[in-house]
Amino acid sequence: MTATASDGTQEHHSRTDYERATETITASRRHTTNTSLGCGTPFDRRTLLRGAGALGAASLPLLPTACSPDDDALTFFFAANPEEADARLRVVDAFQRRHPDIKIRTLLSGPDALQHVSVYCAGGKCPDVLMAWEFTYAGLAKRGVLLDLNTMLARDASFAAELKSDSVASLYETFTYDGGQYAFPEQWSGNFLFYNKKLFAEAGVRPPPGRWEEPWSFGEFLDTAEALTKRDRSGRVGQWGYVDTWVPYYSALLFGMNNGVPWSDPRMNPTHLNFDNAAFTEGIQFYADLVNIHKVAPTASEAQSMSTTDLFTSGHAAMALGGHWRFQTLERAKDLDFDIAVLPTGPKGHAAHSNIGTTGLAISSSSRRKQQAWEFVKFATGPIGQAVIAETGLFVPVLRSAIHSAGFAAAHTNVGNLAVLTGGPAHAEGLPVTPAWPKIAALMDRNVSPVLRGVRPATALANGLSREIDGVLRTT
Amino acid sequence: MTPIDASATAVTRRRGYSKRRARAGRIFVAPNLAAVAVFMLFPLGFSLYMSFHNWDVFTPAKFVGLANYRSLFSGDPLFSIALRNTVVYTIGTVVPTVLISLAVAGVLNRKIKGIAVFRTIIFLPLAVSSVVMAVVWQFVFNTNNGLLNIMLGWIGIDPIPWLVDPKWAMTSLCIVSVWRSVPFATVILLAAMQGVPDNLYEAARLDGAGELRQFASITVPLIRGSVSFVVVISIIHAFQAFDLVYVLTGRNGGPETSTYVLGIMLFQHAFAFLEFGYASALAWVMFAILLVLTVVQLRLGRRRAAQEERSWA
Chain L
6 MTATASDGTQ EHHSRTDYER ATETITASRR HTTNTSLGCG TPFDRRTLLR GAGALGAASL
66 PLLPTACSPD DDALTFFFAA NPEEADARLR VVDAFQRRHP DIKIRTLLSG PDALQHVSVY
126 CAGGKCPDVL MAWEFTYAGL AKRGVLLDLN TMLARDASFA AELKSDSVAS LYETFTYDGG
186 QYAFPEQWSG NFLFYNKKLF AEAGVRPPPG RWEEPWSFGE FLDTAEALTK RDRSGRVGQW
246 GYVDTWVPYY SALLFGMNNG VPWSDPRMNP THLNFDNAAF TEGIQFYADL VNIHKVAPTA
306 SEAQSMSTTD LFTSGHAAMA LGGHWRFQTL ERAKDLDFDI AVLPTGPKGH AAHSNIGTTG
366 LAISSSSRRK QQAWEFVKFA TGPIGQAVIA ETGLFVPVLR SAIHSAGFAA AHTNVGNLAV
426 LTGGPAHAEG LPVTPAWPKI AALMDRNVSP VLRGVRPATA LANGLSREID GVLRTT
Chain W
376 MTPIDASATA VTRRRGYSKR RARAGRIFVA PNLAAVAVFM LFPLGFSLYM SFHNWDVFTP
436 AKFVGLANYR SLFSGDPLFS IALRNTVVYT IGTVVPTVLI SLAVAGVLNR KIKGIAVFRT
496 IIFLPLAVSS VVMAVVWQFV FNTNNGLLNI MLGWIGIDPI PWLVDPKWAM TSLCIVSVWR
556 SVPFATVILL AAMQGVPDNL YEAARLDGAG ELRQFASITV PLIRGSVSFV VVISIIHAFQ
616 AFDLVYVLTG RNGGPETSTY VLGIMLFQHA FAFLEFGYAS ALAWVMFAIL LVLTVVQLRL
676 GRRRAAQEER SWA
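So the sequence lines, in the order shown, correspond to chains L and W.
Counting from 1, position 91 in the first sequence corresponds to residue 96 in the numbering used here; the numbering is continuous, with no gaps.
Counting from 1, position 212 in the second sequence corresponds to residue 587 in the numbering used here; the numbering is continuous, with no gaps.
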């Protein structure tokens, strides 16, 4: 057996007779494992493995730099639908033009933002700046994931004064938990109604009111939805009066709220949700009846083929419940001429309300770039960033100066009832803020769904669900 | 050098070589062993340790003894629902899977022209990811425009709300699960059937036994070991169901609690409620249930085999 490669030669000389004998026997097989570098220099398997090992070892020192995040970039975690993401990036660009020294790396959330950010943070890669939601931020705040922004605010008196004078208090206080301020609101994302102007005109139905001070009743809403629901001869619905583009078991509770009862009392750290209040469950029942009794809204089966948003954009639904996060999608829909209106008020309600509905920006307590993060949060939630947000039409801003700015109106020229948006934050009621929200949401999904399917009355929620939620809130 | 010296030297050389070979073998196996230790043994031990703690990933774990196990068995009404759903799902998957696989393997075991094409077609679902499969089945199960309801409509059956009605959701899930499990079970059973000696069938044919009789009296008894393996593996897979349920009926195992199985419960507690200790306890309870089921099944199988051997003797 001859030497097969330059670095294998020495070893060849030290081989025993036994090896040589074995090699002779296996020589015919061996040649199949020999490899050539393509330049006429064959080398054996051992050499190949050695080479691979050496290459692997050599690349080890490079790993930390190759896998480490962009060290000087500030990471920003947010959720957005594709249309929103474009506008969001324009806001980030605006920040970078003003702060060229601060690089931003954006992290777009998957479908479950809380789960996504939890995995990041648990893995020691908590983003520096995080989008925070009214329902779920308390869980992260309680676990010490979010920085108390009061610590930064105390060092920035001028911004604190600016924020205080220009903020909508109820939105700002949404992120005040156990004495700490864990995020600054960035948008109002409460719900209202979108309606298709063309379908209303064709049916000769009066459009719903466009100011929160002008309520319309559940009865009027039902009459409108019935007038706009069109069936063919076989009874198949070709046009729905109303569709829900939010989460049905949340939307039902908005109708309970507009029948004069808040979801919980108190709002922060509640010990009880009002599922045992008759007026609250009447509102929920009214909502369920829209589908099951009056048949002016599609069932879950009927909305399986086409999403409710698509039903509205394609002209197969006259009214749609949703928030401003749908705006970019609806604005880009072909042949859709829409406007917005306020939610209806129940017989026991006193005024038309939307919900608070807000997201904010928070800073991770483990961030190594807190000052840079603070600059970004200040920008996006302060007057300059809010004005940019207003101009891009990304969100309904939360600072009064931006809400009533010419830029916001210019970004919504096709909206006749702009007062629904500009008056929204002031007419929005707060939803419960508790670290136990994921558990409560799961309970509601399980218990409210039979009511929405029409197999159980809403009054049944007073016993089972109410008790279960109280139990969860007690142990939180 | 005398012949004895030469032979002793050869033995020493051989020993030296085999030692080097053994060392090389250990070095080659080491990365895999390290991977098993890091990605399997450590998580196993860690989850057992965490099952005695309250841990939300962010704050330090707090030792709670057996509290997680106690509340699982006494204080959590959803555990019994999840257990019941898992048992229904397991039975609804395993029984049809074994029966259909037996029949399909029996058909594919024939020596006819073009059988290789049919075998390939039958095994195709094995190559498709569960998530992709679930997404496709969502379209099939669509109430108004789904393929299944359209076909049922041809024979006069009204649309069935497969995935949106709690009464039907579990049935739908089992259908998809059976569709996914059949190819694997068929591969195993077909391989076993091909090991059955032809002379037994010849003898049976000479005695006048028909195809069905041959299948029931020769094939099935002789592949009992493989059937038992398929049953054990199918039970384990069904008990650990998660991906299919998550995509098909949602992360809460809906509608309502109709497809809320143990895998979904585990995921929900770990990643939605951040109760990793509780989820770990649930994982170990699932492991214990599976272990008991498997041991009982293997014992029963062995006893049956021993009884048969005695009866033949």
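These are calculated hints, taken from the structure and not from any lab test.
Keep in mind that the hints are not guaranteed to be accurate.
[Said to hold, decoys possible] When the alpha-carbon atoms are kept at most 25 angstroms apart in a straight line, the in silico DSS-like pairs for lysine-lysine are as follows:
(1) L/339 <-> L/353
(2) L/202 <-> L/108
(3) L/203 <-> L/108
(4) L/339 <-> L/235
(5) W/542 <-> L/130
(6) W/437 <-> L/300
[Claimed, not checked] Residues of chain L placed beyond 12 angstroms of chain W at every Cβ, according to the derived structure:
(7) 121
(8) 144
(9) 207
(10) 434
By construction, the Cβ of each residue, glycine as well, lies at the ideal position given by its N, Cα and C atoms.
Hints, verified against the model:
Taking the CA atoms of residue 339 of chain L and residue 353 of chain L, the gap is about 39 angstroms. The hint is violated against a cut of 25 angstroms. Simply put, residue 202 of chain L and residue 108 of chain L have alpha-carbon atoms about 44 angstroms apart, too far for the 25 angstroms limit, and the pair is violated. For the suggested pair residue 203 of chain L and residue 108 of chain L, the alpha carbons sit about 46 angstroms apart, so the restraint of at most 25 angstroms is broken. A C-alpha spacing of about 22 angstroms is found between residue 339 of chain L and residue 235 of chain L, which places the hinted pair at or below 25 angstroms, so the restraint holds.
Under the criterion of a C-alpha separation no larger than 25 angstroms, the hint pairing residue 542 of chain W with residue 130 of chain L is inconsistent with the structure, at around 43 angstroms. A distance of roughly 52 angstroms separates the Cα atoms of residue 437 of chain W and residue 300 of chain L; the hinted pair therefore is violated under the 25 angstroms criterion. Against chain W, the non-interface label of residue 121 of chain L is violated: not every CB pair exceeds 12 angstroms, the least being about 10 angstroms. Under the 12 angstroms C-beta cut-off, the non-interface status given to residue 144 of chain L relative to chain W is violated; the minimum distance is some 7 angstroms.
Non-interface call for residue 207 of chain L relative to chain W: holds, since the shortest CB-CB distance, roughly 25 angstroms, exceeds 12 angstroms. For residue 434 of chain L, the requirement that its beta carbon stay farther than 12 angstroms from each beta carbon of chain W is met, with the minimum near 26 angstroms.
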